[in-house]
Amino acid sequence: MKSGEAVWRTVLALRAESPLVHNIVNFVAMDLAANVLLAVGASPVMAHAREEVADMVAIAGALTVNIGTLDPAWVEAMHLAIDRARKLDKPWILDPVGAGATPYRNEVLKALVKKKPAVVRGNGSEILALMGKSAARGVDSANASVEALDAARDLARKTGGVVAVTGAVDYVTDGTQLAAVDNGHALMGRVTATGCALTALVGACVAVTGEAFEGTLHALAIYGVAGELAARDADGPGSFRVRFLDRLAGLDKAGLVGRLRLQ
Amino acid sequence: MKSGEAVWRTVLALRAESPLVHNIVNFVAMDLAANVLLAVGASPVMAHAREEVADMVAIAGALTVNIGTLDPAWVEAMHLAIDRARKLDKPWILDPVGAGATPYRNEVLKALVKKKPAVVRGNGSEILALMGKSAARGVDSANASVEALDAARDLARKTGGVVAVTGAVDYVTDGTQLAAVDNGHALMGRVTATGCALTALVGACVAVTGEAFEGTLHALAIYGVAGELAARDADGPGSFRVRFLDRLAGLDKAGLVGRLRLQ
Amino acid sequence: MKSGEAVWRTVLALRAESPLVHNIVNFVAMDLAANVLLAVGASPVMAHAREEVADMVAIAGALTVNIGTLDPAWVEAMHLAIDRARKLDKPWILDPVGAGATPYRNEVLKALVKKKPAVVRGNGSEILALMGKSAARGVDSANASVEALDAARDLARKTGGVVAVTGAVDYVTDGTQLAAVDNGHALMGRVTATGCALTALVGACVAVTGEAFEGTLHALAIYGVAGELAARDADGPGSFRVRFLDRLAGLDKAGLVGRLRLQ
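Residue numbers (the working numbering), protein chains in the order written: chain A, 4 to 266; chain B, 4 to 266; chain C, 4 to 266.
Looking at chain A on its own, in the form it has when it is part of the complex (with noise of 0.2 Å):
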């Protein structure tokens, strides 16, 4: 499961069942989730209409929901979509999205965590935040992912599924088990929802492995390798963006078993 091996299987399987994925997903970063979906072989759909997201999820792989830019109306939907996924046994990710920086999203997240994700993706102040160790400002990590670990045992522990604390390396923790990812670039933070859309890759890989901790381990080796081999030709974030597509769309196997720095 931790071998470059069984991550280039999971890029094979993602690009010959293209799993639909259901994002429910802020204003900012629906256009490069999206574009990372198409850029690995899955087929991305936003739906947040509260008179159709349970049949969206309902014929999707993994539904992701990201609290980014939310309003009462999208919760709402998020509350119906999930009810759907756990009722049918789907997967569905959560990305909390500023955790800490205002009471609404505290009480929003509250009763998210409550429903129990498979999956919970966020930087370092976002998973302190969730376990009320830390005020985010705003919607950059203030925190070193390490400095989140044991918040995100506690966690995982506390929803029964996995956590993925994000940064400079990032962990994947299911309470018990800890594995880390020591791929990606700085210039990663310097384009925006490039947190967003891991969530959404999570989802990919966590409905085409069936098994959360793998599929977002995956996820985080798969994004991290395509960071750094766009870095190496970017000039700035502008060109960053650009090349990371292109990367992440054109990953070969030894371009990724080379490269992956999993433990």
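A few of these clues could be false.
Any copy, or any two copies together, can satisfy a pair, since identical chains are not distinguished.
Said to hold, decoys possible - Each computed SDA-like pair below joins lysine to any residue, with the alpha-carbon atoms no more than 25 Å apart:
(1) Lys136 - Val78
(2) Lys117 - Gln266
(3) Lys118 - Glu54
(4) Lys256 - Asp236
(5) Lys161 - Glu231
Treat the hints as calculated values from the structure; they're not laboratory data.
Assemble the complex: chain A is given as a structure, and chains B and C must be docked to it using the hints.
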């Protein structure tokens, strides 16, 4: 009308007249649709408030309605805008994103189709679904465009307008006439919202030609050739999207006429 | 304040202080506005829920309000955020997208202008429309910035703040002082949301300089120089957008000071 010369005249008209196109379009596609319109020389405006859509349509050359991330408030605005467009004899174009994916989408589309769009532009699965002949899987097509040819003809007869079904080959029909554009590139399907942005371009071309069949055909031709040109030096979906906008803006007569495969 | 040295100090302050900028901004512009802020070193946050805007503004260095894709719920949130910003003496910046295009926009703007924005940033047509002197056609300007100079001065006197009118030449006035920036490139008008993203940058620069006139002038200067640099090796609007973000992030003192044309 089917000659390269005629298509080139439409390119020049877009640049000279800079038609204002009012788009009620999904959140994922707003950026690309606006950039495609600006690239060809048109002027995009996005507005969805029930308080202003009727006024906005009154100053625009065409209205495009795209149901991608629909909800009831937006659907209400769509109807207000369409009703005004019809009253003022302005063309309105329908993009039935995800037709067939949920009962809500189908119900909304049923009411929209009754308002006789000048053009419907969709992929194979969407056009089939509009005629009750397929259940789409999300928003990406599971059917080749040619499979939807009969459905397209039937739909055109039903609306009294034009139907474009796009894919590897694009078709345009008014129920009697049929034309095909065999340009484009597979990378277009790996970038989100390329179909939606094409619908916005159809709006611009119908506005400057004053004719639904010709305007639609020319939009498909311009888009397909720019896509082919862009693919020649793209390394993947990221760089394709960048070069595609460059090629749309920089199209010259020789490059267009020499590559066009219209029938 | 008008020297290249002073502008460069603002660039360094953006990178060192990473000001949090709260943007209530239209759907089309969210991606570019966030990426422009990240490129210069600032930290963007987008939030529009009435339940949280007042709390978000309280942790931000500046608030920007852009009416691009407005509707009544968003307008209500704008007022809540603005009221809190004023109470806390935080600067708020208004981008009157499409002023004059519809009666609804004009009515909304009338109420917003009364709340005395620290800065208004618009194109020629928008600033003229705000003073009742023009009817805009959509969201692209039909007037050169210089035509709106008197209107800009009058508007600045009315609000007691600063007004920037941007175009081929950009002007900043507080009703008495006047400064001009003669940088930038025509390609900026061929990429959607470049005006809106500039308004976000004005917010960041006003936050770090603590001064509306200087902050606005420096934002225009940084943006214009980065635009010129980007245009040198762009093949069209697609590649321009990419290089523009690269140049904003990579701006160095010599490149900035040598190119600046401030008066």
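Honestly, which of those hints from before does the structure not fit? Those not satisfied are hints 2 and 5.
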